[in-house]
Amino acid sequence: MTDIGHKLTITIFGALALFLSGCSVMPDTAEKTVRNDPFEDANRAIFAFNLKVDDYALEPAAKALRKTPPGVQTALRNHVEWASLPKTAFNSALQGKIENAAIATLNFAINGLTFGLADLMEGEGKPEYEDFGQTLASAGISEGAYIVAPLLGSHTGRSLVGWGVDFVTNPYGQLTAGLPSSVRTASIPISVTSLRATYFDAINDVKYNSLDPYARAQSAFYQQRDGLLRDNLPASETDDGFESFFE
Amino acid sequence: MTGKSGNIIKRRLVILLTACLLFAGGLVQPAVADRLSDAENLVGKLIIELIEIEAKGDSLSEEARKETLSGLMDSYFDVEGITRFSTGPYWRAASQEQREAYSAVFRGVLLSEASTRFQQILNFSFTPTKVEARGDKLILVTGIAMDKSGEFPDTEVIWRLSAIRNKPIQIIDLEIENISMLKTQQDENTALIKRNGGDFNALIEAMRTRFETIKASASQ
Chain F
47 MTDIGHKLTI TIFGALALFL SGCSVMPDTA EKTVRNDPFE DANRAIFAFN
97 LKVDDYALEP AAKALRKTPP GVQTALRNHV EWASLPKTAF NSALQGKIEN
147 AAIATLNFAI NGLTFGLADL MEGEGKPEYE DFGQTLASAG ISEGAYIVAP
197 LLGSHTGRSL VGWGVDFVTN PYGQLTAGLP SSVRTASIPI SVTSLRATYF
247 DAINDVKYNS LDPYARAQSA FYQQRDGLLR DNLPASETDD GFESFFE
Chain C
119 MTGKSGNIIK RRLVILLTAC LLFAGGLVQP AVADRLSDAE NLVGKLIIEL
169 IEIEAKGDSL SEEARKETLS GLMDSYFDVE GITRFSTGPY WRAASQEQRE
219 AYSAVFRGVL LSEASTRFQQ ILNFSFTPTK VEARGDKLIL VTGIAMDKSG
269 EFPDTEVIWR LSAIRNKPIQ IIDLEIENIS MLKTQQDENT ALIKRNGGDF
319 NALIEAMRTR FETIKASASQ
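Going down the list, the sequences are from chains F and C.
For the first sequence, my numbering assigns the number 47 to the initial residue and increments by one for each residue that follows.
For the second sequence, my numbering assigns the number 119 to the initial residue and increments by one for each residue that follows.
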């Protein structure tokens with residue numbers, strides 16, 4: 047993609063971010079109790095579709111992966127983590143977290159010797175994960191509505207736009223541009239299967255042991271996302287929604 | 119009173135107040151520190167007791183195992199508080215009858231799932247890294263859970279404990295990788311009630327169905 051193409055994409059995604067975020071530039075508090083889910087019916091339908099995909103493709107694939115030797119699973123998990131490092135470095139730099147950007151770059155360079163399959167930096171400093179959704183949050187863009195995207199799962203308007211920008215701008219894509227397209231195409235399902243295998247029990251718990259899998263998945267998503275955003279947003283003095291426990 | 123003697127009195131008053139504050143601080147600080155270490159010890163003790171139960175293996179009948187877990191739940195966990203909190207703002211609106219029905223069925227679900235949950239905890243070793251008070255009623259014991267099999271990466275875990283004055287410290291929640299089990303249960307329950315037009319009975323019914331499913335799969 048040309049430079050102009052890149053800039054245009056970022057501009058379009060930026061505009062879309064504002065639209066999906068309700069066109070407001072207001073800081074969030076770190077924790078929330080009421081979520082913005084105006085598309086709940088549509089979201090539930092897409093969630094049901096995603097569960098079917100999981101039933102027929104992801105869960106069986108993850109089950110098969112879990113039967114491979116632990117070393118294989120660890121190598122794949124390392125690779126998935128490694129492939130996200132350029133994104134972390136890029137977004138850390140955008141957020142002014144220079145040290146984190148440097149650590150991510152160093153980890154990417156050293157572990158790149160094994161294409162990320164081995165963690166040669168084990169025990170050394172690990173970078174904090176950063177994505178463009180977090181960059182938008184730190185810029186004061188509000189999170190927008192809850193959106194369940196086909197195949198991509200739970201997102202907020204902001205994190206979905208962030209995902210799109212990361213997908214287009216990830217330097218990893220440029221670095222692997224020389225590889226055969228089949229390798230690059232295969233890396234997406236491998237990453238997804240590896241993630242599904244890592245969180246196999248947790249995801250199955252949502253699928254099979256919930257009163258309402260949609261609500262449970264939404265809650266888990268927001269809590270996990272809030273955790274990632276904790277250093278981007280104003281901290282709360284009290285504990286995340288537990289104040290009412292003692293009322 | 120002259121200006122000079124007035125100043126002396128003021129100075130003495132300041133010294134007296136400072137001494138009082140230091141004295142009170144001296145009393146309060148160890149009390150807080152004690153509460154924090156009590157909370158950390160409670161988590162450690164629970165894990166040791168679970169290991170002991172696990173070590174007994176098949177020598178413990180299913181019934182005896184359930185009874186032991188039930189006892190553990192009552193002494194280590196604030197079951198009443200967890201039950202109340204799990205329904206969010208709807209608890210207040212619920213009738214006494216509804217509260218009792220929900221408490222009974224929720225306890226059944228908790229107990230039925232406890233065996234699996236505790237087993238999962240035992241697959242990990244827990245190393246505390248930080249103990250902190252949040253306000254005057256809540257203590258967080260943070261640590262790293264390491265998978266004994268080495269299959270899963272290290273995970274940050276937070277135990278939340280209620281530490282109300284003159285009451286025993288008890289566990290109210292376990293948070294894994296930013297996901298709180300109790301908050302998730304609360305969100306799920308309140309979503310269910312909300313989707314049923316605020317009907318608390320819908321939650322009781324759904325929880326009963328869940329309980330029956332667990333019992334049926336356990337008997338298979």
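In case anyone wonders, no lab produced these hints; they're calculated from the structure.
Warning: the hint list may mix true and false statements.
Said to hold, decoys possible - Over the 12 Å line for every Cβ pair with chain C, so calculated as not near, a few chain F residues:
(1) Pro84
(2) Leu97
(3) Pro106
(4) Ile144
(5) Phe161
(6) Val238
(7) Ala243
(8) Tyr245
(9) Ala248
(10) Asp251
(11) Val252
(12) Ala261
(13) Ala263
(14) Ser265
(15) Gly273
What the hints assert, rightly or not - Okay, derived cross-link-like pairs now, SDA-like style, lysine to any residue, Cα gap no bigger than 20 Å in a straight line:
(16) C:Lys163 - C:Arg202
(17) C:Lys266 - F:Val118
(18) C:Lys312 - F:Arg81
(19) F:Lys172 - F:Lys253
(20) F:Lys253 - C:Ser335
(21) C:Lys184 - C:Glu170
(22) F:Lys253 - C:Glu170
A virtual CB, placed ideally from N, CA and C, is assigned to each residue, including glycine.
May I ask which of the numbered hints given earlier this structure violates, with the numbers listed in increasing order? Checked against the structure, the hints that fail are numbers 7, 8, 9, 10, 11, 12, 13, 14, 15, 16, 19, 22, while the rest are satisfied.
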